[in-house]
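Asker: Now for the letters of each chain:
There are 2 protein chains.
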Amino acid sequence: MAKEIERKFLVDHQRWSAMVKPAGQNFRQGYLLTDPEKTIRVRTTSTKGYLTIKGKNVGATRTEFEYEIPHEEATALLNDFSSTELSKIRYEIEHSNKLWEVDVFLGHNEGLVVAEIELISEEESFEIPEWIDKEVTHDQRYYNSNLTLAPFNTWNWESE
Amino acid sequence: MAKEIERKFLVDHQRWSAMVKPAGQNFRQGYLLTDPEKTIRVRTTSTKGYLTIKGKNVGATRTEFEYEIPHEEATALLNDFSSTELSKIRYEIEHSNKLWEVDVFLGHNEGLVVAEIELISEEESFEIPEWIDKEVTHDQRYYNSNLTLAPFNTWNWESE
Numbered sequence: 001m002a003k004e005i006e007r008k009f010l011v012d013h014q015r016w017s018a019m020v021k022p023a024g025q026n027f028r029q030g031y032l033l034t035d036p037e038k039t040i041r042v043r044t045t046s047t048k049g050y051l052t053i054k055g056k057n058v059g060a061t062r063t064e065f066e067y068e069i070p071h072e073e074a075t076a077l078l079n080d081f082s083s084t085e086l087s088k089i090r091y092e093i094e095h096s097n098k099l100w101e102v103d104v105f106l107g108h109n110e111g112l113v114v115a116e117i118e119l120i121s122e123e124e125s126f127e128i129p130e131w132i133d134k135e136v137t138h139d140q141r142y143y144n145s146n147l148t149l150a151p152f153n154t155w156n157w158e159s160e
Numbered sequence: 001m002a003k004e005i006e007r008k009f010l011v012d013h014q015r016w017s018a019m020v021k022p023a024g025q026n027f028r029q030g031y032l033l034t035d036p037e038k039t040i041r042v043r044t045t046s047t048k049g050y051l052t053i054k055g056k057n058v059g060a061t062r063t064e065f066e067y068e069i070p071h072e073e074a075t076a077l078l079n080d081f082s083s084t085e086l087s088k089i090r091y092e093i094e095h096s097n098k099l100w101e102v103d104v105f106l107g108h109n110e111g112l113v114v115a116e117i118e119l120i121s122e123e124e125s126f127e128i129p130e131w132i133d134k135e136v137t138h139d140q141r142y143y144n145s146n147l148t149l150a151p152f153n154t155w156n157w158e159s160e
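Top to bottom, those sequences are chains A and B.
Once you know that position 7 of the first sequence is 7 in our numbering, the rest is easy, because the numbers rise by one and skip nothing.
Once you know that position 11 of the second sequence is 11 in our numbering, the rest is easy, because the numbers rise by one and skip nothing.
FYI, nobody ran anything at the bench for these hints, they're computed from the structure.
A portion of the hints provided could be inaccurate.
From the derived model, a few chain B residues whose C-beta atoms are all more than 10 Å from chain A [said to hold, decoys possible]: (1) K8; (2) G24; (3) N26; (4) E72; (5) R90; (6) E110; (7) R141.
If you want the footprint, here are the derived chain A segments under chain B, 3+ residues with CB under 8 Å [unchecked claim]: (8) 31-42; (9) 47-58; (10) 72-79.
None of these values were measured; they are calculated from a predicted model.
C-beta: ideal position from N, C-alpha, C; glycine also.
Let the hints inform the model, and build the full structure from the sequences given.
Answerer: Written out as structure tokens, the structure is:
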């Protein structure tokens, strides 16, 4: 059980493309449950599996319970128990002694690149890399659980 | 991941009361999700915690994924993430080389005593102890997930 304090930003595609990056990791993830109070996520990397329960966001903070489970069981849960899923490539980028996780989404969310930084407190200050665009921490459309239900490529930009 | 093949019976209260029994174990359990396709259960015993995902029953069989988790986290999940719960005392009784799990329900399900036997195949034969009453394997009211939503003491027996 942990308190997860996270801020989320869009990534400037041009600057991101121009960067030298470490190798990314392929994530496949789906949800056994998505509701406003809690989500239950299953994720696989190429070799590992995870089951993660997250509570409701309060500001940039939420409770998280994460358990590593066998890859084969996580795959079975994704195949048989999850109705929607997404995939993305995750890059871990260090910047000014902080770790940024940059997700390059695939499939129906292709075109979306999002960076997250985990903080010790909501007030913690940090340096913003030059490849960061606007903050979307409080925009629920960017919740991964919502991106499985209403993928980026289905958004209606005319209403913006 | 396992296939769980289980048959469920009511227990004859008088014969059960007259038996010499081993010590029982207190179970507290609640559900993060109950729907016809799957349930996600959190259970605590006095020292352990479990997170269990079960698929839909097909006959007496269903898929089960069970993970032991820290007792403290299971308790937090029960307190904060589960809207309904039940408690019961479980007794393990050996009879003719088979293990019977007998659940004596508490709280709003008090008065209900149910015995379950786990089988290797749906066709496996086994000896029925004399303290067993009628079979309720296929009666969904006796699913533990349903007993948290519609406890035994709220059942309307007039319609039987």
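Asker: For every hint, state whether the structure bears it out.
Answerer: We went through each hint and held it up to the structure:
1. Remark: the non-interface label on B:K8 is consistent with the geometry, its nearest Cβ contact in chain A lying 23 Å away (cut-off 10 Å).
2. Every CB of chain A lies more than 10 Å from the CB of B:G24, the least distance being 28 Å, so the non-interface label holds.
3. Remark: the non-interface label on B:N26 is consistent with the geometry, its nearest Cβ contact in chain A lying 22 Å away (cut-off 10 Å).
4. Annotated as non-interface, B:E72 brings its C-beta within 10 Å of a C-beta of chain A; the closest such distance is 7 Å.
5. The claim that B:R90 lies off the interface holds: its Cβ sits roughly 24 Å from the closest Cβ of chain A, which is beyond the 10 Å cut-off.
6. Non-interface call for B:E110 relative to chain A: holds, since the shortest CB-CB distance, roughly 29 Å, exceeds 10 Å.
7. With a cut of 10 Å on Cβ distances, B:R141 stays outside the contact zone with chain A, its closest approach being about 24 Å.
8. Against chain B, the segment 31-42 of chain A contributes 5 residues with a C-beta closer than 8 Å to a partner C-beta. That satisfies the three-residue criterion, and the hint holds.
9. Taking a C-beta to C-beta cut-off of 8 Å, the segment 47-58 of chain A contributes 3 residues in contact with chain B, enough for the three needed, and the coverage statement holds.
10. Counting residues of the segment 72-79 of chain A whose beta-carbon sits less than 8 Å from any beta-carbon of chain B gives 4, enough to reach three: the coverage restraint holds.
Of the numbered hints listed earlier, the single one contradicted by the structure is hint 4.
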